[in-house]
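One letter stands for each residue in the lines below.
2 protein chains.
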Amino acid sequence: MESSIGIVTPQSMHFAEPLPLQNGSTLAGYDLTVETYGELNAARSNAVLVCHALNASHHVAGRYSDDPKTAGWWDNMVGPGKPLDTNRFFVIGVNNLGSCFGSTGPMSLDPTTGKPYGASFPLVTVEDWVNAQARVADAFGIERFAAVMGGSLGGMQAMAWSIMYPERVGHCLVIASTPKLSAQNIAFNEVARSAILSDPDFHGGDYYAHGVVPRRGLRVARMIGHITYLSDEDMAVKFGRSLQRAEALADGAAVERDGYKFSFDVEFEVESYLRYQGDKFAEYFDANTYLLITRALDYFDPARAYGGDLSRALAHTTAKYLVVSFATDWRFAPARSREIVKALLDHRHQVSYAEIDAPHGHDAFLLTDPRYHNLVRAYYDRIATEVGA
Amino acid sequence: MESSIGIVTPQSMHFAEPLPLQNGSTLAGYDLTVETYGELNAARSNAVLVCHALNASHHVAGRYSDDPKTAGWWDNMVGPGKPLDTNRFFVIGVNNLGSCFGSTGPMSLDPTTGKPYGASFPLVTVEDWVNAQARVADAFGIERFAAVMGGSLGGMQAMAWSIMYPERVGHCLVIASTPKLSAQNIAFNEVARSAILSDPDFHGGDYYAHGVVPRRGLRVARMIGHITYLSDEDMAVKFGRSLQRAEALADGAAVERDGYKFSFDVEFEVESYLRYQGDKFAEYFDANTYLLITRALDYFDPARAYGGDLSRALAHTTAKYLVVSFATDWRFAPARSREIVKALLDHRHQVSYAEIDAPHGHDAFLLTDPRYHNLVRAYYDRIATEVGA
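Those sequence lines, one after another, are chains E and W. Numbering follows the UniProt record's numbering, in which position 90 of the first sequence is assigned residue number 90; successive positions increment by one, without gaps. Numbering follows the UniProt record's numbering, in which position 210 of the second sequence is assigned residue number 210; successive positions increment by one, without gaps.
Heads up, a few of these hints could be off.
[Said to hold, decoys possible] Below are the SDA-like pairs computed for lysine to any residue, each with C-alpha atoms no more than 20 Å apart in a straight line:
(1) W:Lys261 - E:Ala119
(2) W:Lys180 - E:Asp232
(3) E:Lys180 - W:Glu269
(4) E:Lys261 - W:Ala305
(5) E:Lys261 - W:Lys261
(6) E:Lys261 - W:Val136
(7) W:Lys180 - E:Ala119
[Claimed, not checked] Covered, in the sense of this in silico footprint (three residues per stretch, anywhere, with C-beta under 8 Å from a C-beta of chain W), are these stretches of chain E:
(8) 216-225
(9) 230-240
Calculated directly from the structure, the hints in this document are not laboratory data. The model shown is predicted, which means the values in this text are computed figures rather than measured ones. For every residue, glycine included, the Cβ atom is placed at its ideal position computed from N, Cα and C.
Full structure from sequences and hints, please.
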């Protein structure tokens, strides 16, 4: 039976050995914040790495004692009896380098200056993250993961794992992802970055010293992102053209509205939703991290080193794959997942593919469509048998 | 044979009679900038009104003597021998109220204060524009248009004409349009407006007094818009993931690049394209006008007064319709045009519908796909026969 994973505690791991990065520079010592669920078995064969997407973190499942209402970002997927069952698997979440939830990133103090890295933090890539995650695996004594799994940008990391460390990955679960961004994907990222870079409070990335954050730019960036996470159909069902129903009056009362306000204030419910999402995000997310992670997305293109040939990039992989897409995801549409599947089949790699007819757009990978969850559950059952978990 | 319409000259028309607006207020006197092509025949039966979309104007066709390189926005459609043939039709373009190309709008001086209207300019709607355009028709002595035609927001005006002044519209050409915005359409507008409204140079809409314009916000707004005008496929063909090929060096030379720069500067060609479009737009377009016109788009919903029933809204129309959509237009997708067609057919109104399989997304309505242009040409041939043009 499914149950919640309960109270969890993150840990910070320090890595003293310098990390060579794809941009040619080297990161001296760094910290990674990590969370684990379940127990590593004696054979160390039941470990699963869960990679996070743009705005998420190491906090995959469970709750913190000081915030018992907020669960980890994939709590519906990871826990006792859940599709990725922590009664059988040892699950690791790692906050990626450059993120803003404890791991070393632009907000961290640069030991050479004693000031936050800010704009000087290196532009890390998916491949850099994978190398950093491999050291976490080393620290846990995990030679080979039963599975590496992720959705969206997390799926890119899983794919990169299978290419960079083929011998260390048993299964690779790539969900709602793509082998590389399209021009339109890059365009959305570019507009989001432009909003941040042109915010006068950005100060070239060194806003920490000015005691401000580029809140306006971050807010617009997040609003743009949110449009691409939802399907047109889902937005229509959720909000339609409904006017925001009640308007708060000065005395605290509210009045139901019917007609237009003829103003630029919130008029339609979808506006209220986007503004709320934007405001909330600007409260907790670091703008330099947003820039950096969207660029890592842009740059991801494992076929690039193989003359643009994804088949060749995946030729030497040894993992078995599960690739999942969602019919209404227009950010990373099913056709993009099918590119991965095709490239794997070119070399007769073992791959299962499912296209889930869920209405929720890209966000579907975070939701609980039963067909999707049952599929992942069945897939992990098979892995459990293989690895004796 | 097709030829260019040559040098044209806009004219400004003053209207002294106050215009009641949909928001309940009244606009005192106002000016409209207008351009005409061809000759009104003696029967005054050959007039065609061409309505413009967000960023266009009265300058539909031809060139100005002081800028002979730049043609009007629909110059490929309107001219001697062109689909809308100015040898046969008298064509009128009107810059809409609230726009920034000569007609009274937020940049204009409010006669009651002697200062620019700025934020106090009323939020005019599609229906307000149609009422103002009707007075232009009156001034030309045109009782009935052979056709009212427009693409996108211009198509909404054509549709509104057929509903508000059924006896004055012979044919209604609604191209790449929609009976109302979807939640996603509104969401994109809202993000664009948020970028402008939160620009510190916006000053609540009264930036003229501060000698600045909210350039950063306008730039981001236009970049967002541009993504929705192009299809994903078209962007992929135009830009793919190509790196900006050459980088200018300090000495004026250029160097071909192959690898990533690992920075937030322009890296991919699509970024260069968007930045260029954004920068150019911010040079010439007024931010208050952008806000106002996107809101007019949001508010357009002729079915709203009929309990949301578009069929009822169109029941009493008498025009014949040509509705055209483009297969790859995801801003106003073919399904939206089919809603219009269906509502017209509910009342056995005469409507021709074509879905053009062009790759260019929403922008296709401004381009010269031969199937599209031949269709419009044939349609106007029929109109010419009817009205003796």
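Quick rundown of the hints versus the structure:
Distance restraint check for Lys261 (chain W) and Ala119 (chain E): the Cα-Cα separation of roughly 15 Å lies within the 20 Å cut-off, and the hinted pair is therefore satisfied. With a C-alpha separation of about 14 Å, the suggested pairing of Lys180 (chain W) with Asp232 (chain E) holds against the 20 Å cut-off. For a cut-off of 20 Å, the pair hint linking Lys180 (chain E) to Glu269 (chain W) stands: about 16 Å separates their Cα positions. Between Lys261 (chain E) and Ala305 (chain W) the alpha-carbon distance is near 16 Å, which keeps this suggested pair within the 20 Å criterion.
For the suggested pair Lys261 (chain E) and Lys261 (chain W), the alpha carbons sit about 48 Å apart, so the restraint of at most 20 Å is broken. A C-alpha spacing of about 28 Å is found between Lys261 (chain E) and Val136 (chain W), which places the hinted pair above 20 Å, so the restraint is violated. Our distance criterion of 20 Å between C-alpha atoms is broken by Lys180 (chain W) and Ala119 (chain E), whose separation comes to about 43 Å. Counting residues of the segment 216-225 of chain E whose CB lies closer than 8 Å to any CB of chain W gives 5, which reaches the minimum of 3, so the coverage claim holds.
With 7 residues bearing a CB less than 8 Å from a CB of chain W, the segment 230-240 of chain E meets the requirement of three and the coverage assertion stands.
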